[in-house]
Amino acid sequence: MGDTADAGTLESLQQGAAADAAGAVKAEVSGLSFYYGDFRGLKDMSLSVHSNRVTALIGPSGCGKSTFLRCFNRIHDLYPGNRYEGSIRLHPDNVNILSKDVDPIDVRMRIGMVFQKPSPFPTTIFENVAYGLRLRGLAPRAAVVDKVEQSLRAAALWDEVKDRLHGLASNLSGGQQQRLCIARALAADPELLLFDEPTSALDPIATASIEELITELKESVTILIVTHNMQQAARCSDYTAFLYMGELVEFGETDQIFIRPGRKETEDYITGRFG
Amino acid sequence: MSNGEHLSKQYDHELEALRARILHMGGLVEAQLQSAIDSYERPDEKLAQSVIDGDRLVNEQEVELDGVVVNMIVRRQPTAGDLRLIIGVARTVTELERIGDEATKIARAAKWMFDKQRSLRSPRLRDIHSSALAAGKMLRGALDAFARLDAAAAASIIEEDRGVDQQFQAILRQLITFMMEDPRTISPSLDAVWVAKAIERIGDHAKNIAEHVIFVAQGADVRHASPEEIARAVSQE
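Protein chains in written order, with this note's numbering: chain A, -18 to 256; chain B, 44 to 280.
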């Protein structure tokens, strides 16, 4: 496990505030390794996730993209034998979210996740978004209603569902369901949003709307996205990380990675020469 | 730039064919330039006319290659070295087409001289000849550098352009002197100025091709860059 969380200390708050003021780094990954039992899925990864920017994670299947993403909301904790080394420090409070002393639920309150396959709860559209709000203790109905509308608007879904908020979420199209999942995540006012191949199950039109949404959302939230679609990474992201066999091969601005990659392995992968 | 093969063999074939076609177009333009210069120096009306007619082939190749480039961007969505190669080809096609146009201008001047029974038996013809040789050498060198994606060779071509520019200035000075000394030489001298200018522009286009080679090979955009910046870009192997 990583080192002890030091949130709340004056020093850490000052460091966090400074980082946030710079607008530069939302999360700092340092020497991160991850083990599925004896298997080392991630090897000593370090990178900075920039505030209000989209960072794409690319690489062949099994390279560790999703493993890396899932470290951010501690999903790995659900399974025995998994363990982390190193740290992921979240700003502005500079807390190491991998620390045993940090409750994974607290981490998930701050870091939302959207999965590959739309996963609405088997209830109404309204309740899907309101669920997390009630879990967090937001009781007054008017406040919940306002927040649900605000979240659905932010996810560019309000106009399509405002007249059927109490209809079943499962009756929505795939693209709408995925945007509902994004609205559900946004309702918790996350600082960081994780997208794990959010459009791989969607058609090109729905994909375009999700990509457009991602670009709009980065104004208010930092985004990490795993994608197999290189063009999607090139279109949506500001930074790109290329992973291979659990290692971070190259990390840089997306323009640089896609026009002039620094490493031959990166070039081979993004140009389709990867054997 | 990676030299490995793509998972898609068809993509490899398409890129190879694209490179072959741009070099073929380069060869055609080189031949046009040589014939244009020959037609001017003799002067040879038939040869000049063949250059003027031949420009149609150059234009056709420009349109065809542009179509191939657009098609590859749409179908392959190239990235990194592949993207730079395709963009480099698109830019080079334009340069070659313009060199073709300059060759046509020279051929028109030759034809006009022949029609008017004019002759320029003077030292400035030798200077135009050496300037044309230098520009032709630049073009050949730029195309060789493109074939080998040799950034260092391309950088030396860029350097050579200064010499061609200086030769043009020298020709201009000489022709002005001639025109001042003997007003009867004004008309043929003006023809010579147009030809010298066309050659100087060919040098510029060859230099541009060399810059595109550096972009393809190194990913550095050295247009408008200083010699020091170009040297730095080329040394980043």
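Please keep in mind that the hints were generated in silico from the structure rather than gathered at the bench. Note that CB positions come from ideal geometry on N, CA and C, so glycine has one too. Careful: at least some of the hints might be erroneous.
[Claimed, not checked] Distance ranges between label pairs, derived from CB positions:
(1) B/Val106 to A/Ala189: 46 to 56 angstroms
(2) B/Ala274 to A/Phe96: 48 to 58 angstroms
(3) A/Ser42 to B/Arg191: 48 to 58 angstroms
(4) A/Ser11 to B/His67: 51 to 61 angstroms
[As the list claims (entries may be wrong)] Which bits of chain A does chain B cover? Going by a derived footprint, with three or more residues having C-beta under 8 angstroms, they are:
(5) 123 to 136
(6) 208 to 221
Quick rundown of the hints versus the structure:
1. B/Val106 to A/Ala189: 46 to 56 angstroms: violated, 32 angstroms
2. B/Ala274 to A/Phe96: 48 to 58 angstroms: Roughly 51 angstroms apart at Cβ, these two residues keep to the hinted range, so it holds.
3. A/Ser42 to B/Arg191: 48 to 58 angstroms: violated, 36 angstroms
4. A/Ser11 to B/His67: 51 to 61 angstroms: At 54 angstroms between Cβs, range holds.
5. 123 to 136: The restraint on the segment 123 to 136 of chain A is violated, since only 0 of its residues have a Cβ under 8 angstroms from chain B and three are required.
6. 208 to 221: Holds, because 3 residues of the segment 208 to 221 of chain A bring their Cβ atoms closer than 8 angstroms to Cβ atoms of chain B.
Going through the hint list in order, the structure does not satisfy hints 1, 3 and 5.
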